[in-house]
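Enquirer: Please take these sequences and the hints and turn them into a complete structure.
Protein chains: 4
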Amino acid sequence: MADGADQASAADIAARVEAFIRDVVVSFEHDSRWGSHGPSGELVRELRTRAAAAGVLTPHVRPDGSHLDHRSTALVLRAAGLSPLGPTAVNVGAPDEGNMYLLGKIGTPSQKEKFLAPLLSGQARSAFLMTEPAADGGAGSDPAMLQTTARPEGSDWRITGRKAFVTGAQGASFGIVMAKTEAAATMFLVDFAQPSVVVERVLDTIDSSMPGGHGMVALNDVRVAGDCVLGEAGAGFSYAQVRLAPARLTHCARWLGASLRAQEIATEYAVRRQAFGRTLIDHEGVGFMLADNLIELKQAELMIDWCAGVLDAGAAGGSESAMTKVAVSEALYRIADRCVQVMGGTGVTQDTVVEQVFREMRAFRIYDGPTEVHKWSIAKHIKRNELKRCLA
Amino acid sequence: MADGADQASAADIAARVEAFIRDVVVSFEHDSRWGSHGPSGELVRELRTRAAAAGVLTPHVRPDGSHLDHRSTALVLRAAGLSPLGPTAVNVGAPDEGNMYLLGKIGTPSQKEKFLAPLLSGQARSAFLMTEPAADGGAGSDPAMLQTTARPEGSDWRITGRKAFVTGAQGASFGIVMAKTEAAATMFLVDFAQPSVVVERVLDTIDSSMPGGHGMVALNDVRVAGDCVLGEAGAGFSYAQVRLAPARLTHCARWLGASLRAQEIATEYAVRRQAFGRTLIDHEGVGFMLADNLIELKQAELMIDWCAGVLDAGAAGGSESAMTKVAVSEALYRIADRCVQVMGGTGVTQDTVVEQVFREMRAFRIYDGPTEVHKWSIAKHIKRNELKRCLA
Amino acid sequence: MADGADQASAADIAARVEAFIRDVVVSFEHDSRWGSHGPSGELVRELRTRAAAAGVLTPHVRPDGSHLDHRSTALVLRAAGLSPLGPTAVNVGAPDEGNMYLLGKIGTPSQKEKFLAPLLSGQARSAFLMTEPAADGGAGSDPAMLQTTARPEGSDWRITGRKAFVTGAQGASFGIVMAKTEAAATMFLVDFAQPSVVVERVLDTIDSSMPGGHGMVALNDVRVAGDCVLGEAGAGFSYAQVRLAPARLTHCARWLGASLRAQEIATEYAVRRQAFGRTLIDHEGVGFMLADNLIELKQAELMIDWCAGVLDAGAAGGSESAMTKVAVSEALYRIADRCVQVMGGTGVTQDTVVEQVFREMRAFRIYDGPTEVHKWSIAKHIKRNELKRCLA
Amino acid sequence: MADGADQASAADIAARVEAFIRDVVVSFEHDSRWGSHGPSGELVRELRTRAAAAGVLTPHVRPDGSHLDHRSTALVLRAAGLSPLGPTAVNVGAPDEGNMYLLGKIGTPSQKEKFLAPLLSGQARSAFLMTEPAADGGAGSDPAMLQTTARPEGSDWRITGRKAFVTGAQGASFGIVMAKTEAAATMFLVDFAQPSVVVERVLDTIDSSMPGGHGMVALNDVRVAGDCVLGEAGAGFSYAQVRLAPARLTHCARWLGASLRAQEIATEYAVRRQAFGRTLIDHEGVGFMLADNLIELKQAELMIDWCAGVLDAGAAGGSESAMTKVAVSEALYRIADRCVQVMGGTGVTQDTVVEQVFREMRAFRIYDGPTEVHKWSIAKHIKRNELKRCLA
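Protein chains in written order, with the working numbering: chain A, 699 to 1090; chain B, 699 to 1090; chain C, 699 to 1090; chain D, 699 to 1090.
Hints listed in this document are in silico derivations from the structure and should not be mistaken for laboratory results. As the structure is a prediction and not an experimental result, all values here were calculated from the model. Check the hints yourself; a few may be wrong.
If chains are identical, the list can't say which one is meant, so a pair holds when it fits in one copy or spans any two.
Straight-line C-alpha distance at most 25 Å; calculated DMTMM-like pairs for lysine to aspartate or glutamate [unchecked claim]: (1) K878 - E740; (2) K996 - D1010; (3) K996 - D767; (4) K810 - D729; (5) K1078 - E744; (6) K996 - E930; (7) K810 - E727; (8) K878 - E727; (9) K810 - E962; (10) K996 - E1028; (11) K1081 - D1049; (12) K812 - D854; (13) K1081 - E851; (14) K803 - D721; (15) K1078 - E962; (16) K1081 - D980; (17) K996 - D729; (18) K878 - D889; (19) K1081 - E966; (20) K812 - D980; (21) K878 - E930.
Expert: Printed below as a string of structure tokens:
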């Protein structure tokens, strides 16, 4: 059965990725080239060279360019996430992974050649420019407030606006830019190697795993050729939906991996140390926290698998991915928090990766839509479907 | 595929059970024969007569006496649980359902004829006597403290002790009694129609769905014939394990159904009523609660399905069912609590079944092992398996 | 210093009340005359006769009719609350206590003689009719939706409407009714001994401490004499404010007493019982719950004392009492819940008063304004005061 | 009345400190000399020079060397805490403030001249060396596991051991060292300007407000003169108690200030920004978070004031300060977390100080004893006092 085969092979790929993360990537976690704005370009290149050698670079995309199904992708990305450096190392990180997905779905052959190929090979990085600065009265989490505009100029377009929280902007080769056009909104592929694209600053954020950090980007009357419209003009919001649910899900899968790692570290700590006359884990105050973690890790895994199955069955998965994003991000945050607490003073130091996982999880509750925005949309969904019986 | 067929048929059975609950059982929810110690014997008989007529009595056991697999059983029991009266009505309630399961597994043909057959037909009720009064220094949740003893007397046995929280004791035909014997502990099938078995009192508890309530039972030198040993003498604890995980799981499935119903009622309320200038559900304070519920109901469903799959694959499932019981009981409690809160004053009245579901969920966090006891055992499991990688 | 003297004397009164509750009232907690709609009239009379004999009847009102200040009242009511029967026994229960307060503030001499005197002596009970049935599109928690009307007829008034959740309606001599009049809203003193005042039904609610329970009351064109307007016509909402904050606070104080009692019972249980090889309280899973309770009980006490001080200083205390009501009701609920959990199976039985305290606290999160309504008003307060520095 | 006068004067001092923090210190919050290991020595000197000029340096100690009482100190330190840089700027930060207190209580005149005077003038910093590395099997949070030893050598002592989480070690002039001696444990004043005292490394921790960060310190057979014993030899543990409760409380007070500031920033954000058609604070999802914060800030203030009152009345306050530390640290953490969440993407950036306050609060739940250790001691206290009635 096709699906069964795919799962089996996904398990193999995931196992190889896991081995690579544990055997190779983990040893780079204290590398000095990894700073508060993520790993440097040099470190990324070194890790990817090793990943390629180990046969685990861009492991979720088959040689023919097709992607593993969503359930399989989740398994592979979870393995990659076992180190916060892992997704970058094997080239399944955000926003590149979502951009690969979208380009694979709706890019033209020449767009694929120019923009997708260097992503797949791990030689380029990209950005996704949607969120706008709240301070400008811009979109924030609310797409209806989009202020960046693109106006046609002959066969070209001119894009003007400012984008915020552009992950990986610093060092990206290109970005997918959402802009208002006469008809609704349109997506553009924008080469970053032009002076009208300015990374104004890289934000100092609580998280530090993404190469290039999160930048503020000014688009100063950027000229874009007509063949750089991604998909149909005016269909930007529907493409955003195409990318949305899968991208949410891959975030969840990667961070599940990181949280499993944190749990391993905290468990090992609790099993080795003594305090107040007992092994740490034998204190119920500690053991219960690890038990709660085990339960919530399982629930996160099940939610991700469920949502992936919904997407694999062809649904858009807006509600399901919102439910999954809320449940998983909030759970992984609690898990990381408990791991920190179990480890006491050591937990708040960078001596282990637990401290970083905690910081990443804090940001994850906001990135890709704050919990509250998702609950708001889920409540609207409940209102619409109120008459449907729960078991129907 | 056998498994696929079973699932399909389970969906059919579940659909019929759901229709029966919604069309028939719900209308009995304000029947005056349902009191604080559960529905009366007369009400139970009336409901079961109707269930039999609708072809949904004891729906999880096939005509040949075999049980649906655990995943299928969970689907059917969830449907039955849509009313707190439902499981009793269709004869899938505790403790009978677990007793059917255990008797089916290890009863002798003559034990099955005498004890199991009247259970399956819905004509008798039974009890399970394990927990002992904490006040006597007895077992409570701790099986190592078992104080009830059985001593051989010729080919018979004499059982002496007191058992607490014996669900359904009042009105049961027989009980399965755990007692200390020379070799560890042994299970006995004890006919309740003898004066040495005394239901001392029925406790006034916060829950009220179980027929017969929860009783304190004295076993005053009860004589039991040798062929009433259930399974092997001395193997009581291992049989307790056989019954344990499935019984935990069916509790979860039934109460999931009740919680889904509470969510339906609360949602309908929130969609219909206005307050402070807006439909109730459009207040984020309300909508977010219903969104949290939707997420946690899905998680409960997934945990139950996962654990059932583990049992169907042949594992004992001790840890998995402990994890599931903790996760599901605590989640369903939060869900019921939010439903009450969404409905304001109406939520704390018996005008809807939500108030009862809340009370039942409060008890469920303690019945079948308090959350803390399960977390303690999960922590021990984590300690033992500490070196196993989470993704292995 | 006057204030100091008052406090000292309050401590004396509170000590006498406490002794009466512990020595006398507690022994009535399993009296069969106490049912799901509260203690019967006969039981109330017996308790009050004893309270009068012990010199603790209506202990918060001085012989001259003046009330203790709010901080002192809180101390006395906390002591009364040590039993759920206590406030009724010593005549400091809702809604009488709040009605005494309001009548004392704004009643005319003849109103005081007719309505207040029998309340103070404990011979009559009263009701407060503000909330309306949500099902009628009525007020619920939203006073702006008031639908009960009073229209002048000569020097009299005619009142028509339905009121919901009227605590103590069954058996009350009179009620204070809020009704819409030409000018805003007006409060009326309505004698219940007339056929046009109909207690349609007493709700079956999760709580059971209030004599008379909570009723639905129809006011069928009730004629009220002109001298039964309480205070000024049209000033109903401002009088509601006068009663509001103090009444909220006395709820908090009484239930704090009940929660302290629950903590005593749970602590004694945890110190006496053994499980899994250790005294219950020496399990961190249990000890931490009791520690959390101790902290939250202290916080509840401090919040009540703070809010009472604000009222004693002459402020209206709308925000402060909303903050206190939210904080205290939610905390006491968690406390009661933990007490239940600490006691395991015993916790969900009526063998101790803990089970009832838990049910009362569940209702308290909704009665007197659900938590969410108070948070909504606090948020508005924050918005208005945003520019004020927190430490100003 | 002396106490009243003291409070009044404390309010004046607090007001001056608050003005200094808001007018001066806040403008240094983005100073590049403030790094992940706290503000540099140069920045500290500059801030203190300004504080001295403003008359707010070491404001909690009177010219005669006496300290404000605990309630007054709490007011002053809360004001200082309005910026994470504030306590250092006005010289009321940890561990110096606690060391000043202890030296003031038990130092000899010559110890005060040599060690205390430079602290009071803000020219020196100090350390407190108690915690030991868990990895060495050392004390962690458990004082019974103390491994550092001091042995007499003539009139001198030789101290050997390793200390962990030594706040401010880097750059401190001296430290108070707890070491095992023949009789129990003894405190020593150890000059850091000697090669046998080695700051092995400064930990990279999630917090970043303390000058000198948190270091690992090796004491390599350090020679200490006999007059550097602080107080009586063998009385180390009882002096630790003297310092303990007040030091816990001042932590709470300082961080309360920081949390109030975070609330101000988040409130201003929520009142200015629009999203989804409404001002942010008018979304209940946001407004309720700010309301919860307002409540918990008040509770933190009340707990601190209560505990300070207990200390001012002369009690040791072990339990009270443990209760306060748990309640306040956990509450301030939730508050900071909600402030982050209210501000969305901006909340996780260092554009405002909210992000840092969140990180500091995460560490505060562990520093000065993890929450779980305090709950454990509170549970022991409950067990001992079980028979005492709650209202006695």
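Enquirer: Taking the hints in turn, state whether each one holds.
Expert: Tested hints:
no.	hint	result
1	K878 - E740	neither (36 Å within a copy, 50 Å between copies)
2	K996 - D1010	both (21 Å within a copy, 18 Å between copies)
3	K996 - D767	both (21 Å within a copy, 22 Å between copies)
4	K810 - D729	neither (34 Å within a copy, 46 Å between copies)
5	K1078 - E744	neither (47 Å within a copy, 41 Å between copies)
6	K996 - E930	neither (40 Å within a copy, 36 Å between copies)
7	K810 - E727	neither (33 Å within a copy, 46 Å between copies)
8	K878 - E727	neither (41 Å within a copy, 38 Å between copies)
9	K810 - E962	neither (40 Å within a copy, 47 Å between copies)
10	K996 - E1028	both (14 Å within a copy, 15 Å between copies)
11	K1081 - D1049	between (48 Å within a copy, 23 Å between copies)
12	K812 - D854	within (18 Å within a copy, 76 Å between copies)
13	K1081 - E851	neither (44 Å within a copy, 46 Å between copies)
14	K803 - D721	neither (34 Å within a copy, 47 Å between copies)
15	K1078 - E962	between (38 Å within a copy, 15 Å between copies)
16	K1081 - D980	between (46 Å within a copy, 8 Å between copies)
17	K996 - D729	neither (31 Å within a copy, 41 Å between copies)
18	K878 - D889	within (18 Å within a copy, 66 Å between copies)
19	K1081 - E966	between (46 Å within a copy, 9 Å between copies)
20	K812 - D980	neither (57 Å within a copy, 46 Å between copies)
21	K878 - E930	within (13 Å within a copy, 59 Å between copies)
The structure fails hints 1, 4, 5, 6, 7, 8, 9, 13, 14, 17 and 20 (numbered hints given earlier, in ascending order).
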